[in-house]
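Just need the whole structure built from these sequences, with the hints factored in.
One-letter residues, chain by chain:
Number of protein chains: 4
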Amino acid sequence: MIVLNGGSSSGKSGIARCLQAVLPDPWLAFGVDSLIEAMPASMQGSDGGIEFAPDGGVSVGPMFRKLDAAWMEGVAATARAGAGVIVDDVFLGGAASQQRWQKVLAGLDVLWVGVRCERAVAAGREVARGDRVQGMAALQAEVVHQGVVYDLEVDTTHTEALDCAQRIATHIRSQA
Amino acid sequence: MIVLNGGSSSGKSGIARCLQAVLPDPWLAFGVDSLIEAMPASMQGSDGGIEFAPDGGVSVGPMFRKLDAAWMEGVAATARAGAGVIVDDVFLGGAASQQRWQKVLAGLDVLWVGVRCERAVAAGREVARGDRVQGMAALQAEVVHQGVVYDLEVDTTHTEALDCAQRIATHIRSQA
Amino acid sequence: MIVLNGGSSSGKSGIARCLQAVLPDPWLAFGVDSLIEAMPASMQGSDGGIEFAPDGGVSVGPMFRKLDAAWMEGVAATARAGAGVIVDDVFLGGAASQQRWQKVLAGLDVLWVGVRCERAVAAGREVARGDRVQGMAALQAEVVHQGVVYDLEVDTTHTEALDCAQRIATHIRSQA
Amino acid sequence: MIVLNGGSSSGKSGIARCLQAVLPDPWLAFGVDSLIEAMPASMQGSDGGIEFAPDGGVSVGPMFRKLDAAWMEGVAATARAGAGVIVDDVFLGGAASQQRWQKVLAGLDVLWVGVRCERAVAAGREVARGDRVQGMAALQAEVVHQGVVYDLEVDTTHTEALDCAQRIATHIRSQA
Numbered sequence: 000m001i002v003l004n005g006g007s008s009s010g011k012s013g014i015a016r017c018l019q020a021v022l023p024d025p026w027l028a029f030g031v032d033s034l035i036e037a038m039p040a041s042m043q044g045s046d047g048g049i050e051f052a053p054d055g056g057v058s059v060g061p062m063f064r065k066l067d068a069a070w071m072e073g074v075a076a077t078a079r080a081g082a083g084v085i086v087d088d089v090f091l092g093g094a095a096s097q098q099r100w101q102k103v104l105a106g107l108d109v110l111w112v113g114v115r116c117e118r119a120v121a122a123g124r125e126v127a128r129g130d131r132v133q134g135m136a137a138l139q140a141e142v143v144h145q146g147v148v149y150d151l152e153v154d155t156t157h158t159e160a161l162d163c164a165q166r167i168a169t170h171i172r173s174q175a
Numbered sequence: 000m001i002v003l004n005g006g007s008s009s010g011k012s013g014i015a016r017c018l019q020a021v022l023p024d025p026w027l028a029f030g031v032d033s034l035i036e037a038m039p040a041s042m043q044g045s046d047g048g049i050e051f052a053p054d055g056g057v058s059v060g061p062m063f064r065k066l067d068a069a070w071m072e073g074v075a076a077t078a079r080a081g082a083g084v085i086v087d088d089v090f091l092g093g094a095a096s097q098q099r100w101q102k103v104l105a106g107l108d109v110l111w112v113g114v115r116c117e118r119a120v121a122a123g124r125e126v127a128r129g130d131r132v133q134g135m136a137a138l139q140a141e142v143v144h145q146g147v148v149y150d151l152e153v154d155t156t157h158t159e160a161l162d163c164a165q166r167i168a169t170h171i172r173s174q175a
Numbered sequence: 000m001i002v003l004n005g006g007s008s009s010g011k012s013g014i015a016r017c018l019q020a021v022l023p024d025p026w027l028a029f030g031v032d033s034l035i036e037a038m039p040a041s042m043q044g045s046d047g048g049i050e051f052a053p054d055g056g057v058s059v060g061p062m063f064r065k066l067d068a069a070w071m072e073g074v075a076a077t078a079r080a081g082a083g084v085i086v087d088d089v090f091l092g093g094a095a096s097q098q099r100w101q102k103v104l105a106g107l108d109v110l111w112v113g114v115r116c117e118r119a120v121a122a123g124r125e126v127a128r129g130d131r132v133q134g135m136a137a138l139q140a141e142v143v144h145q146g147v148v149y150d151l152e153v154d155t156t157h158t159e160a161l162d163c164a165q166r167i168a169t170h171i172r173s174q175a
Numbered sequence: 000m001i002v003l004n005g006g007s008s009s010g011k012s013g014i015a016r017c018l019q020a021v022l023p024d025p026w027l028a029f030g031v032d033s034l035i036e037a038m039p040a041s042m043q044g045s046d047g048g049i050e051f052a053p054d055g056g057v058s059v060g061p062m063f064r065k066l067d068a069a070w071m072e073g074v075a076a077t078a079r080a081g082a083g084v085i086v087d088d089v090f091l092g093g094a095a096s097q098q099r100w101q102k103v104l105a106g107l108d109v110l111w112v113g114v115r116c117e118r119a120v121a122a123g124r125e126v127a128r129g130d131r132v133q134g135m136a137a138l139q140a141e142v143v144h145q146g147v148v149y150d151l152e153v154d155t156t157h158t159e160a161l162d163c164a165q166r167i168a169t170h171i172r173s174q175a
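Protein chains in written order, with numbering that gives the first Met the number 0: chain A, 0 to 175; chain B, 0 to 175; chain C, 0 to 175; chain D, 0 to 175.
Do not rely on the hints blindly, as some may be mistaken.
Label-pair distances were calculated between CB atoms; the ranges are [claimed, not checked]:
| # | chain 1 | residue 1 | chain 2 | residue 2 | range |
| --- | --- | --- | --- | --- | --- |
| 1 | A | Gly106 | D | Asp24 | 39 to 47 Å |
| 2 | C | Gln101 | B | Val59 | 46 to 54 Å |
| 3 | D | Asp150 | A | Pro23 | 40 to 48 Å |
| 4 | D | Ser173 | C | Ala105 | 47 to 55 Å |
| 5 | A | Ala95 | C | Glu141 | 47 to 55 Å |
| 6 | C | Glu141 | D | Ser173 | 50 to 58 Å |
| 7 | B | Ala105 | A | Gly81 | 12 to 20 Å |
| 8 | C | Ser41 | B | Val57 | 35 to 43 Å |
With a Cα cut of at most 16 Å, we get these calculated EDC-like pairs of lysine to aspartate or glutamate [to be verified]:
| # | chain 1 | residue 1 | chain 2 | residue 2 |
| --- | --- | --- | --- | --- |
| 9 | D | Lys102 | D | Glu72 |
| 10 | B | Lys102 | B | Asp54 |
| 11 | C | Lys102 | C | Glu72 |
| 12 | B | Lys65 | A | Asp24 |
| 13 | D | Lys102 | D | Asp67 |
| 14 | B | Lys102 | B | Asp67 |
| 15 | C | Lys102 | C | Asp67 |
| 16 | B | Lys65 | B | Asp46 |
| 17 | A | Lys65 | B | Asp32 |
| 18 | A | Lys102 | A | Asp67 |
| 19 | C | Lys65 | D | Asp24 |
| 20 | D | Lys65 | C | Glu72 |
Just a sample of chain D residues kept apart from chain C, beta carbon distances all over 10 Å, derived [unchecked claim]:
| # | residue |
| --- | --- |
| 21 | Gly44 |
| 22 | Glu50 |
| 23 | Phe51 |
| 24 | Asp108 |
| 25 | Leu110 |
| 26 | Arg118 |
| 27 | Val148 |
| 28 | His157 |
| 29 | Gln165 |
| 30 | Arg172 |
FYI, nobody ran anything at the bench for these hints, they're computed from the structure. The beta-carbon is built from N, C-alpha and C at its ideal position, and this holds for glycine as well.
The following block contains the structure:
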């Protein structure tokens with residue numbers, strides 16, 4: 000099980016897809032985007048759901064958190080059932096977010112990977128994508144790593160997603 | 000937990016989204032499309048993965064089945080963790096597919112819903128979508144229901160997705 | 000050249016894709032969605048651009064109108080260059096919108112098609128799609144047809160997109 | 000009018016979106032992806048249409064070329080009507096492709112921009128995207144630039160899309 004944590008537009012899903020291409024067995028990739036996709040459309044912008052402020056701020060309420068917690072249990076069960084699982088997430092709560100995952104993933108062999116990207120570069124990639132609320136990348140770039148403990152950190156500022164993925168794959172092989 | 004089974008282009012995901020809108024609490028919706036999205040790109044068209052023949056035939060191999068089985072455990076765990084879960088699937092194996100789900104969902108309160116659509120109408124909607132291998136809708140329209148036992152069946156041939164969803168929601172309320 | 004006019008979620012793009020499948024030659028399909036896709040992301044929600052109010056209301060400003068007018072000239076030139084062109088639009092201004100197209104398409108052989116759908120049914124399909132501002136379908140269902148003159152009208156309330164497309168194709172054949 | 004030419008996964012559309020963000024007026028962005036989207040689904044993989052070989056090779060037939068030529072006239076007319084237009088294309092025919100555009104764009108003020116990306120890096124980004132036929136990026140990386148004459152060249156190998164866009168915008172300002 001691999002957990003990728005990084006801010007919006009730091010390059011997590013690109014790395015996840017490259018990992019799926021370079022790892023020897025087929026792995027499933029889930030992420031916070033697929034979770035939001037699975038939620039009712041009405042959760043976006045509603046009280047208790049998830050709100051994207053015009054400045055890029057993201058706040059989540061109790062309903063979001065409830066579904067999120069259940070989804071995390073599902074991700075853990077998928078891994079326990081024997082599938083390789085890559086999950087990408089945005090630890091809005093820093094260390095507290097990691098602790099929630101640690102509890103859910105107890106007993107599983109987890110590789111914690113920090114995906115860093117310099118704030119200005121991530122903000123530029125957000126513009127190039129064109130499909131995100133502008134400002135999220137900058138606001139999340141550092142805060143999501145606060146107090147989080149990693150086995151490995153990669154930085155997409157000057158390193159391609161495929162190279163980051165190869166470093167992670169090498170690390171996994173060396174642990175096996 | 001609600002399981003929607005029907006052929007390609009029978010209208011399952013439209014019903015799932017309407018259910019998310021009409022059910023009182025927020026439910027998560029997963030489906031075979033989100034599973035394929037989570038798999039490595041290389042699973043499509045590969046031995047052991049999933050192959051879409053030009054005539055609309057779909058065949059899955061052992062690697063697909065392994066990831067599929069793990070994903071089903073994850074869906075079950077999400078529901079056991081307390082989230083309302085709607086899953087849409089295509090029971091390519093008919094009754095055998097249902098039995099696999101029944102085993103995984105043991106102990107959960109499940110509503111089995113058959114989503115039917117006349118073959119010719121589903122085939123026409125496949126053309127209107129424009130993003131599917133042509134022929135799947137016709138090939139799957141009846142075979143996916145063979146030997147499957149439902150609590151409720153809806154037919155999108157002449158009934159809108161929202162009306163189907165409301166019938167399902169009424170059924171759930173009457174059971175509560 | 001075929002112009003399809005109808006409210007949001009009335010089924011215009013499904014009919015366009017079916018027309019592409021049933022017409023003898025290959026036709027290009029453009030629409031208001033592809034225009035918005037071609038605009039800067041910042042046009043959405045900005046003064047002078049296009050605003051989607053929470054109740055489904057849509058208002059466009061001078062910058063939107065300027066790009067829209069230039070895009071219409073491009074659509075006309077594509078048809079004049081000899082390609083079959085299907086365009087789907089939402090005549091927010093009713094007859095005035097049609098007059099703008101008539102001016103731009105002067106000299107071209109145009110089939111004007113009204114795509115109707117009962118307000119409540121279109122609103123339900125908007126829920127089933129899950130990717131549109133709720134309320135647009137109901138607000139636009141009738142107003143976009145006010146004062147507009149058609150060669151042919153289809154109604155997707157009880158008729159499938161493919162059947163509507165076949166009626167349009169038959170009409171074209173009978174005119175040829 | 001800005002024409003961006005580069006191989007698949009060289010970063011053209013990211014640059015186009017950044018240009019839309021940094022240029023003072025609103026510009027429309029069209030590209031070969033939007034053209035393919037506008038074509039009938041049946042054009043993909045058909046004789047006379049466009050074929051993507053498993054090794055990443057792309058070949059186009061007479062029907063594709065006919066629609067392509069008409070679409071180019073439409074792009075030119077949009078620019079002539081007064082809108083700023085950014086078009087991204089893949090000059091599979093090198094200098095011959097440029098000549099076709101030059102003919103269509105006659106009389107317009109055009110900035111020709113080459114978007115380069117080292118073959119291996121583009122191939123890696125193709126893996127990270129996960130939605131393209133693998134191999135296109137490598138096959139197209141150099142051949143699309145053969146004999147093409149540019150006003151400006153950018154290289155996304157080590158330069159971010161936003162920085163490339165800013166260089167292009169500065170060039171435009173200096174010409175004005």
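Interface-negative label, His157 of chain D against chain C, beta-carbon threshold 10 Å: 26 Å, holds
Least C-beta distance from Gln165 of chain D to chain C larger than 10 Å: Label holds. Min Cβ-Cβ 16 Å, cutoff 10 Å.
Hinted pair Lys102 of chain B and Asp54 of chain B, Cα distance within 16 Å: Distance ~32 Å between Lys102 of chain B and Asp54 of chain B Cα, so the pair is violated.
Pair hint outcome, Lys65 of chain B versus Asp46 of chain B [Cα-Cα no greater than 16 Å]: OK: Lys65 of chain B and Asp46 of chain B at ~13 Å, within 16 Å.
Lys102 of chain D paired with Asp67 of chain D [C-alpha distance capped at 16 Å]: Holds - the C-alpha atoms of Asp67 of chain D and Lys102 of chain D are around 14 Å apart, at most 16 Å.
Assessment of proposed distance window 46 to 54 Å (beta carbons of Gln101 of chain C, Val59 of chain B): 53 Å, holds
10 Å Cβ clearance of Val148 of chain D from chain C: At about 25 Å from chain C, Val148 of chain D clears the 10 Å cut-off, so the statement holds.
16 Å limit on alpha-carbon distance, applied to hinted pair Lys65 of chain A and Asp32 of chain B: 24 Å, violated
C-beta pair Ala105 of chain B, Gly81 of chain A: status relative to the range 12 to 20 Å that was hinted: 18 Å, holds
Distance restraint hint 47 to 55 Å, applied to the beta-carbon atoms of Ser173 of chain D and Ala105 of chain C: 40 Å, violated
Pairwise beta carbon distance, Ala95 of chain A to Glu141 of chain C, judged against the given window 47 to 55 Å: 52 Å, holds
Given hint Asp24 of chain D paired with Lys65 of chain C - CA-CA distance at most 16 Å: With a Cα-Cα distance of about 11 Å, the restraint between Lys65 of chain C and Asp24 of chain D holds, given a limit of 16 Å.
Going through the hint list in order, the structure does not satisfy hints 1, 4, 10, 17, 20.
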